[in-house]
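Residues per chain are reported as follows:
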Amino acid sequence: MSAVTSPPGGAPSPAGTPRGTAPAAATTAVFVRIKLALLRNGLRQSTGRKAAYIASMVVTALFAALQLLGLIALRGHPQAAVVVVPAIALVALGWAVMPLFFASGDETLDPTRLVMLPLRPGAVVGSLLVSSLIGIGPAFTLVLAVGSVVALGHGAAGLSAGIVAVPLVLLVCVALSRAVAAANIRLLTSRRGRDLALLSGLFIAVGAQLLNLGVQKLSEPGGLRFLEPAADVLRLLPPASALDAVRAAGDGAYAAAAAQLALNGAALVLLLWWWRASLTRLMTAPDGSTLQAAAGPDRKPGGESSRLAALLPADRTGTVALRTLRYAWREPKSKAAWVTALAIGLLLPVVYAVQGNGSPYWACFAAGMLGLQMYNQFGQDTSAFWLVAQTISSPRDAYLELRGRAVALAFVALPYVTLVTLGFVAVLDRWDAFAESLGLSFGLLGAFLATGTLASVLYPYSIPQDSGFKNVAPGQTGQAWIGIVGGMLASAVLAAPLLAVTVWMHVADAHDWLWLLLPAGAAYGWAAAETALRVGAPRMASRLPEILTAVSRA
Amino acid sequence: MAGSPEEDVTGSAGGTVPAAVGVRGLWKRFGDQVAVAGIDLELPAGQFVGLVGPNGAGKTTTLSMVTGLLRPDSGRILVAGHDVWADPVAVKSRIGILPEGLRLFERLSGRELLAYTGRLRGLPGEEVDQRATQLLDVLDLAGAQHKLVVDYSTGMRKKIGLATALLHNPEVLFLDEPFEGVDPVSAQTIRGVLERYTASGATVVFSSHVMELVESLCDWVAVMAAGRIRAHGPLAEVRGAAPSLQAAFLELVGAHGRDDGQSLDWLGGGAR
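Protein chains in written order, with this note's numbering: chain A, 42 to 595; chain B, -10 to 261.
Just so you know, these hints were derived from the structure itself, not from any lab.
Cβ atoms here follow ideal geometry from the backbone N, Cα and C, with glycine treated the same way.
Honestly, I wouldn't trust all of these hints.
Claimed, not checked - The list that follows gives simulated cross-link-like pairs (lysine to aspartate or glutamate, DMTMM-like), each with its CA atoms no further than 25 angstroms apart:
1. A:Lys376 / A:Asp507
2. A:Lys376 / B:Asp140
3. A:Lys376 / A:Asp236
4. A:Lys91 / A:Asp507
5. A:Lys376 / B:Glu95
6. A:Lys76 / A:Asp507
What the hints assert, rightly or not - Computed, partial: chain A to chain B, Cβ under 8 angstroms:
7. Trp315
8. Ala318
9. Arg322
10. Thr358
11. Thr360
12. Thr423
13. Ser435
14. Pro586
15. Leu589
Could you build the full structure based on these sequences and the hints that come with them?
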């Protein structure tokens, strides 16, 4: 450790042997070679992964090219800065949060891996900064920055400001990403950090819908004015301010441009200093993470759990339901699935409503999204299913187990679907359609519970616990597809009679009797789910070892 | 072998002691690989039974099949006189398991895990909570009872796993590598609990590859290698004339005469 703790530029390593600290340039070359090797090794994986790797590169390149074209087209547009400045700010935000969600992507992000090597923090910062400039992300950012300069720059002053701004933007983004990662590495390598990374799929799913909504708003006539207040603030902040400097220089506001560029330079220096300070602390202070884990305070979880328990039945059904609901809240993959279902079930109908295609029937979508949670119940248990299998010795036990899981889902889904339906009929002022929409939703939920129960028993598969994106273990994709796609088709068929009755009642002009669809749908859904539980239970009881093997693969 | 008469399997092991576990003609293949190649074994009741063997010998596969977690290709297994696959109701309430390589419900706290397991086993809620408190105390987990199991250390996980296996007071306890990765203090705690448990007439069957441990703990051992039982019987009998169980074991699994590192002559002090 002496090489690390001695002051920079201090005495050469004790014995003067070749084991001393490597010169900075050589270190940089090593890191650059590592980065290039990592990129190359992307091509040396299995065919499927290689295809995904190449596809992601092609998509990024296409996206970058399209953006470049768009930015060139924006050149000279009076509102170009209103678009460009928030766009660069968004990319910078992406750089800042990316290591929190994709820490596993680049192992050099974790400086604790370098602790055992005789390297000084200063040399590490320099080398990692240079090697971080290689890759898909930096290339994308570079294209975006160059395009922005093309869109905003006018005259020689604009061009020269652009020549300074582009490398500044790139360096600030990369340094921001690294500094955030280094400051949070304890979190990233802890259980909580890994939990956070597992939620990344959720953020992408919900973020895509929010983006969808945002694009809807912005593409309305005059929609760009929504961005103006944001742009006014962002043009003061690095790295977006570097690009606004290009605009300012082109407009002749040289002092403002110089100040904005200087601000970016200062930000870069500050980020590098923060990064270096974090590295020094990480490479010299002992890692107390295990100590903390062992001696942390032991607090009793809040009373909400016991209050929840009081609402559920006291038998096995209640025990199972309570465990399922606790997992929905505490286990990151379950949580991601539940929150995605709740959010998308609400957001997508809202998107349609904003587009003008709103209908109270879209509330059924929430029922479907939540119903999907019933699929692959035992895969969600992982190999801990052995504990469940150990306590099931008769079809009756299996029935109670399956019912507990269905009750947990219904416990959330019934009030949620009711609220969503109420919300939509209120917003769209279609109170006449309330009863039938809700009846259809309940019927559909029951159909999904029924098919989900049977698919869970007959087509179980493992859910990898280490990735936020993979939901099927290698080799079990077939099982998963049969279960989910077959199940969804079966759910549609199951719900078809209810739908047919609804359509018939509309055609036959029996509007006065449409309210009957609410009790009918609820009864139909309950009957479908109950039948599936009774059919599925004996099969589950006789297939326990096979289910355990299927869900223990990952 | 499924048709063999029950008396064959439940008969005595070594004379007067009744069998806690009887296994006849047990086979398991995974693809081309034979994991368990025809095991016949009777484990005596009321004793500390050790199942020893090198990694990959088939210990975990055997224990998984005996406890009903893995379906055998062929063979018959009786636990306390009941067929594991024909009469799961009688067997599952009589056995406790601590598996190796399978997870627990790690997002529950230690206490919640015990409450959950006990209720799944059909025990009354108050009884479960009372037993859980005592088990957590004895296993020195009371201070971490409200912490999630995912944040437990290896030793704590083994102890909470043991608590879930003991909660319903089983007749036979199956433990797969219970001391693997466990610190000496936790190991001593586990040992104390198990010794008290067997003293009351219950049976503990555990697998291990740490011979010193097996030698100091077990009354009866079975040595496994390459999917077969190489030797079984009371500890002294299996050890025979060898100075230690370790020596007897190496002899039995044929691990003598290997290059024990002589070719690494550059390793160690001297020229670098």
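Item to check | Restraint check, 8 angstroms cut-off on beta carbons, for Trp315 of chain A near chain B | outcome: violated (30 angstroms)
Next on the checklist: Using the nearest Cβ pair, does Leu589 of chain A come within less than 8 angstroms of chain B?
Outcome noted: Because about 6 angstroms separates Leu589 of chain A from the closest Cβ in chain B, which is inside the 8 angstroms limit, the hint holds.
Next on the checklist: Next pair to validate is Lys376 of chain A with Asp507 of chain A; report whether the Cα-Cα distance is within 25 angstroms.
Outcome noted: holds (14 angstroms)
Checklist entry - Regarding the pair Lys76 of chain A and Asp507 of chain A, is the alpha-carbon distance no greater than 25 angstroms? => result Holds: Lys76 of chain A and Asp507 of chain A sit about 23 angstroms apart, inside 25 angstroms.
Checklist entry - Straight-line Cα separation of Lys376 of chain A and Asp140 of chain B no greater than 25 angstroms? => result holds (18 angstroms)
Checklist entry - Holds or violated: Lys376 of chain A with Asp236 of chain A, Cα cutoff 25 angstroms? => result holds (10 angstroms)
Item to check | Interface hint compliance - Arg322 of chain A to chain B, C-beta minimum distance less than 8 angstroms | outcome: Since chain B brings no Cβ nearer than about 24 angstroms to Arg322 of chain A, farther than 8 angstroms, the hint is violated.
Checklist entry - Is it true that the CA of Lys376 of chain A sits at most 25 angstroms from the CA of Glu95 of chain B? => result Roughly 15 angstroms separates the two Cα atoms, so the pair holds.
Checklist entry - If you take the shortest Cβ to Cβ gap from Ser435 of chain A to chain B, is it below 8 angstroms? => result Since the shortest Cβ distance to chain B is 6 angstroms, the answer is holds.
Item to check | Lys91 of chain A paired with Asp507 of chain A [C-alpha distance capped at 25 angstroms] | outcome: The given pair, whose Cα atoms are some 20 angstroms apart, holds under the 25 angstroms limit.
Checklist entry - Should the hint that Thr358 of chain A touches chain B count as held when the rule is a Cβ pair under 8 angstroms? => result Hint on Thr358 of chain A: violated, closest Cβ of chain B at ~11 angstroms, above 8 angstroms.
Item to check | Cut-off 8 angstroms, beta-carbon criterion: hint that Thr360 of chain A touches chain B | outcome: holds (4 angstroms)
Checked against the numbered hints given earlier, this structure breaks hints 7, 8, 9, 10; the rest are met.
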